[in-house]
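**Q** Make a model of the complete structure from these sequences and hints.
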Amino acid sequence: MASLAEQLKLDLVLRYQNLELEVSEEIYLSGVTTLFGPSGAGKSTLLRVVAGIERSALGQITYMGIPWLDSKTGLFVPPHKRAVAMVFQDTQLFPHLTVAGNLNYGYRRRNRRCGPEWSEVTEALDLDPLLDRDVDALSGGERQRVALGRSLLAAPRLLLLDEPLAALDAARKAEIMPYLKRVIAEFDLPIIYVTHSKLEVRLLASRVLALVNGKVVRGNESLDGARHSEHSCIRASVVGLECPGLAVCKVGEGVMLAEMQGKHAVGTEVELVIERSSMLLFAGEGGNALAAGKLDGVVSSIDRSTDGTLLHVTMSTAGGELVANLHRSSWIERQLAINDAMQVVISKPAVVSYSL
Amino acid sequence: MIDLGSVQVTLKLAVASTAILMVVATPLAWWLSITRSRAKPLFEAVTALPLVLPPTVLGFYLLILLSPNSPMGAVWVHVTGESLTFSFTGILIASIIHSLPFTVQPLQSAFESVGRRPMEVAASLGASPFDAFVSVAAPLAKRGFLTAAVLGFAHSVGEFGVILMVGGNIPNRTRVVSIDIYSSVETLDYGRAHALSLGMLAFAFLVLVFVFMINRRYWASGKPS
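Here the protein sequences line up with chains A and B, keeping their order.
Here the first sequence is numbered in our numbering, starting from 1 and rising by one per residue.
Here the second sequence is numbered in our numbering, starting from 357 and rising by one per residue.
No lab work stands behind these hints: they were computed from the structure.
The beta carbon of each residue, even a glycine, is placed where N, CA and C say it ideally should be.
Be careful, since some hints might not be right.
Partial list, computed: chain B residues near chain A (C-beta under 8 Å) [to be verified]: (1) 380; (2) 474; (3) 476; (4) 481; (5) 482; (6) 483; (7) 484; (8) 495; (9) 567.
Straight-line C-alpha distance at most 20 Å; calculated EDC-like pairs for lysine to aspartate or glutamate [stated by the list, open to error]: (10) A:81 with A:6; (11) A:72 with A:22; (12) A:81 with B:476; (13) B:498 with A:126; (14) A:9 with A:26; (15) A:215 with A:11; (16) A:294 with A:340; (17) A:181 with A:126; (18) A:81 with B:487; (19) A:72 with A:11; (20) B:498 with A:134; (21) A:263 with A:169.
**A** Pasting the structure below:
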């Protein structure tokens with residue numbers, strides 16, 4: 001458990017037009033915390049309050065024991081002294097500077113000795129070929145990569161991402177997602193990520209804070225699907241529509257139900273995100289199991305999790321590799337062998353990813 | 357060769373007042389562009405007053421304010437030993453006040469079209485407000501600066517009524533080109549009036565062409581920079 005010092009403590013009230021934001025929350029400063037909710041719920045406003053850009057909030061913000069805001073004593077740490085970098089949905093690159101100039105803006109002003117090196121960031125985000133370009137000459141995906149790099153180079157103690165994918169089309173989203181994952185994995189940086197997409201929550205989040213009408217909501221069933229879990233991705237093609245938002249997909253001979261965000265015509269190639277803990281393996285036929293999906297596969301590797309409680313069973317399927325997380329027992333281990341043909345039975349519908 | 361003393365005074369006045377105007381107008385325009393104060397219309401009205409007041413009214417009040425009998429004029433006499441009225445410093449102050457709206461308004465609208473967002477981004481990347489202004493807002497508003505400087509300069513060059521009220525018509529001190537033309541006509545020296553007027557006409561035309569060229573590029577580029 002993280003100690004109290006590793007928290008961002010928020011105790012805030014803000015009235016802004018129709019919104020009444022009231023948040024009293026402790027956010028752990030590790031991994032990705034997603035602020036999830038419908039538009040107009042106050043997610044972006046809350047992020048702006050944390051960054052210090054929105055100054056009209058009343059209450060307290062404490063970052064690792066350091067007060068950033070205390071409206072009772074009139075304390076307000078201005079945004080440039082908080083070392084909180086923010087990435088905006090519309091990137092907000094400076095049009096009078098080149099890509100290198102934009103990246104250098106925060107790099108030159110970092111007020112901490114630590115923080116990622118220039119080359120680490122440009123390599124992780126493949127920015128070297130773009131350095132001399134004008135920002136007007138970049139594609140949407142490239143702009144977002146530059147914005148991300150610019151923020152990282154400012155050596156922030158906390159990175160705020162305000163719907164960084166929302167303005168991009170599906171292909172661009174698919175292009176950026178691997179970079180986002182790389183940033184999360186390579187730079188040990190707490191991130192607060194605002195989104196209204198369940199899929200982004202599923203792919204990125206360590207934890208979820210759901211915000212509805214300016215208040216944090218707990219135990220909301222509609223958000224259960226958004227809770228983080230490990231997942232695998234496979235390729236499939238849409239063969240039909242079960243009901244609005246739920247597609248039937250084919251993976252080789254297998255069939256899989258999948259939640260869709262947009263519309264995908266029959267025959268479209270898609271990528272499916274499947275929760276690793278929602279899979280069961282059947283030697284031979286899974287037969288009569290009533291499930292969201294059944295796929296055929298061959299065991300290609302079996303690994304134990306670091307704490308030894310799980311088995312990660314990698315299956316080769318017609319849609320690519322799929323990893324099933326099984327609770328480890330000697331009985332299961334005796335039953336499993338490399339190259340066994342097995343049927344994968346999946347209890348929960350997959351989610352159609354941004355892709356292809 | 358005609359006497360160019362008035363041209364010299366005019367140029368000196370225009371350069372000096374443009375330089376000081378930019379220093380005074382920039383913070384004022386910036387404040388007007390970001391403030392949420394209820395007093396904003398009040399300040400905007402005061403800044404714009406010289407646009408609508410007859411120059412003689414402005415000149416009359418300045419004459420009263422700057423005269424050695426007023427507190428401000430008296431302090432000036434005490435410190436420098438000279439009177440503010442009927443001096444170059446006096447017409448410089450008058451010119452700055454009269455040209456203020458011509459520099460504040462283009463700057464204010466340039467800052468407004470830059471908006472708050474770039475400043476917020478700069479702050480989140482570690483820039484102090486002043487740093488962010490210099491490194492982001494000012495470069496993005498550079499055409500506004502250019503327009504403001506050109507209009508301020510041109511307006512100072514064309515100053516007449518206020519200067520006549522405050523500075524009179526002293527050769528090589530307060531006699532600017534416009535006043536020179538006026539007194540040339542009064543003394544029936546039409547040749548001199550022609551030469552100076554034609555010079556002013558050509559100058560004004562070139563300035564306006566330049567301003568419209570800047571604004572055209574401003575709109576053609578499709579972004580407020």
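**Q** Each hint needs a verdict: does it hold in this structure or not?
**A** For each hint, the structure was consulted:
The criterion of a C-beta within 8 Å of any C-beta in chain A is not met by residue 380 of chain B, whose closest approach is roughly 25 Å, and the hint is violated. The restraint placing residue 474 of chain B at the interface with chain A holds, with a minimum CB-CB distance near 7 Å, inside the 8 Å limit. For residue 476 of chain B, the interface hint holds, since its Cβ comes within 8 Å of a Cβ in chain A; the closest pair sits about 5 Å apart. A distance limit of 8 Å between C-beta atoms decides the matter here; for residue 481 of chain B the minimum to chain A is near 4 Å, and the interface restraint holds.
For the restraint placing residue 482 of chain B at the interface with chain A, the shortest Cβ-Cβ distance is roughly 4 Å, inside the 8 Å limit, so the hint holds. At a threshold of 8 Å, the smallest CB-CB gap from residue 483 of chain B to chain A is about 6 Å, leaving the interface hint in force. With 8 Å as the threshold, the beta carbon of residue 484 of chain B comes within range of chain A, its nearest partner Cβ sitting at about 5 Å, so the hint holds. Residue-level restraint check for residue 495 of chain B holds (minimum Cβ-Cβ distance to chain A is 5 Å; threshold 8 Å).
Look at residue 567 of chain B: its Cβ only gets to about 21 Å from chain A, farther than 8 Å, so that hint breaks. For the given pair, residue 81 of chain A sits about 19 Å from residue 6 of chain A by alpha-carbon distance, which is consistent with the 20 Å threshold. Note on residue 72 of chain A and residue 22 of chain A: the hinted pairing holds, with a Cα-Cα distance of about 17 Å set against a maximum of 20 Å. Straight-line distance between C-alpha atoms of residue 81 of chain A and residue 476 of chain B comes to about 13 Å, which keeps the hinted pair within the 20 Å bound.
Pair hint residue 498 of chain B plus residue 126 of chain A does not hold up; C-alpha atoms about 32 Å apart against a cutoff of 20 Å. For the suggested pair residue 9 of chain A and residue 26 of chain A, the alpha carbons sit about 5 Å apart, so the restraint of at most 20 Å is met. At roughly 12 Å between alpha-carbon atoms, residue 215 of chain A and residue 11 of chain A fall within 20 Å of each other, so this suggested pair holds. Distance restraint check for residue 294 of chain A and residue 340 of chain A: the Cα-Cα separation of roughly 16 Å lies within the 20 Å cut-off, and the hinted pair is therefore satisfied.
A distance of roughly 14 Å separates the Cα atoms of residue 181 of chain A and residue 126 of chain A; the hinted pair therefore holds under the 20 Å criterion. For the proposed pair residue 81 of chain A and residue 487 of chain B, the alpha carbon gap of about 13 Å is at most 20 Å, so the pair holds. For the given pair, residue 72 of chain A sits about 12 Å from residue 11 of chain A by alpha-carbon distance, which is consistent with the 20 Å threshold. Only pairs whose Cα atoms come within 20 Å are accepted, and residue 498 of chain B paired with residue 134 of chain A is accepted, the gap being roughly 18 Å.
Restraint check for residue 263 of chain A and residue 169 of chain A: the C-alpha separation of about 13 Å stays at or below 20 Å, so the hint holds.
Checked against the numbered hints given earlier, this structure breaks hints 1, 9, 13; the rest are met.
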